[in-house]
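Top to bottom, those sequences are chains L and W.
Residue 140 in the numbering used here sits at position 140 of the first sequence; the count goes up by one each step and never skips.
Offset between the second sequence (1-based) and the numbering used here: plus 1000.
Incorrect hints may appear among the rest.
What follows is a set of in silico ranges between Cβ atoms, one per label pair, in the way DEER data are often shown [what the hints assert, rightly or not]: (1) Lys-1150/W / Pro-53/L: 20 to 28 Å; (2) Leu-1128/W / Ser-5/L: 19 to 27 Å; (3) Arg-1209/W / Ile-145/L: 47 to 55 Å; (4) Met-1088/W / Arg-157/L: 43 to 51 Å; (5) Gln-126/L / Ser-1025/W: 31 to 39 Å; (6) Pro-53/L / Val-1103/W: 35 to 43 Å.
Output of the computed footprint for chain L on chain W, the stretches with three or more beta carbons under 8 Å from beta carbons of chain L [unchecked claim]: (7) 1003-1015; (8) 1078-1089; (9) 1146-1154.
Hint data in this document are derived by calculation from the structure and do not stem from the laboratory.
All residues carry an ideal CB built from backbone N, CA and C; glycine is no exception.
Below are the chains, spelled out letter by letter.
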Amino acid sequence: MAGDSRAHRALLGALIPVLRRYFARKGVNDADIDDLVQMTLIAVHERGDTYDPGKPFAPWVYAIARYKMIDQFRRRRNHIGLDDIGELAEERDFSEALTARLDVDAHLARIPEKQAAAVRAIRIEQLSVAETAARDGLSPSDIKISVHRGLKALAKRVLRK
Amino acid sequence: MTDLDNLVDRLAAQHRRTPPLGLPSRVANAALLGGAVTLALVFIWGLRPDLAAASATSGFWIKLGFGAGFAVAGLAGLEALFRPERPMPRRLWLAAIPVAVIVFAAIREVATVPVTQLGALWLGKTALVCPFSIAALAAVPAMALILAGKRSAPTRLRLAGGVIGLASGGISATLYALHCPETGMLFVATWYLIGIVLATGIGAICGPRLLRW
């Protein structure tokens, strides 16, 4: 932060892969990683005077990266307070997958059982239509129709909500 | 990839030296600016008529020091809270000093003043106005400190907002003491404290919305 422009460029450039790895490790979608890296680099550049030269540099950068990640996360689910989310973020990848799973289960429980079973087999367990048909003793076209109707019913439920 | 490289080029091009005291001086400047405007408002509102006589009493200085103690504690805390690493703002403990001083002064007052006069000292004539005046005046330094915060990197926004309220309430109470004609230590211990707590609470409520960066 001592003001040499070439050193500054080298520092920011060196941070790019470090930040990418950090966000990837935290379970950020590939599509969002570069956005977050960009926001973090700008913040590091603009808010350099919040770095205390007497302290280690890495925790400062990670703290900014973490804030930017939580801020983006919060903006998308604005019902969670920023203060609470600090602790949540630590287990974010885990809890996100879990919530998604619970949501899917809740919705599937509310559509006809045959359709739900077909959607689960094809879309979640990734079985082929033939495998599912053989497993459930139904015809392939029956399975396809059930998946189709099931997804339609799910979409209706989710959109209505 | 190239987008980020471009960004780095652009940022490096506009890079200049970071002043080593950037953050502390930004907090101090905001407090001074906010304090100056608040002082001007208190002047317009009117100083207490007996200011010269009052300034010879210890009670007047305890009143001034009471607010100032919170201001110093709050500003010292902000110096930590405006950094991103979630440090513990240990210096907030300084706020215990004005509390201890006023409790001591109030106990002495209770011990020396006849019981029949204590009620009048406690409520004074402005008990209902005082907390709201202090909280309202605190909005001025709070605005300056919020701007300083937005240009820094706080990550605990609710706590930082609360501490901005605390520091602003302290600044406001200090300057309000130049206007306020009350002399009771019980009065200060109650109504000044409520005003500062009110400012702190409002700060904590607004912090997450106003301090985002």
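Quiz item: Taking each numbered hint in turn, which are not upheld by the structure, reported in ascending numerical order?
Solution: 2 and 5
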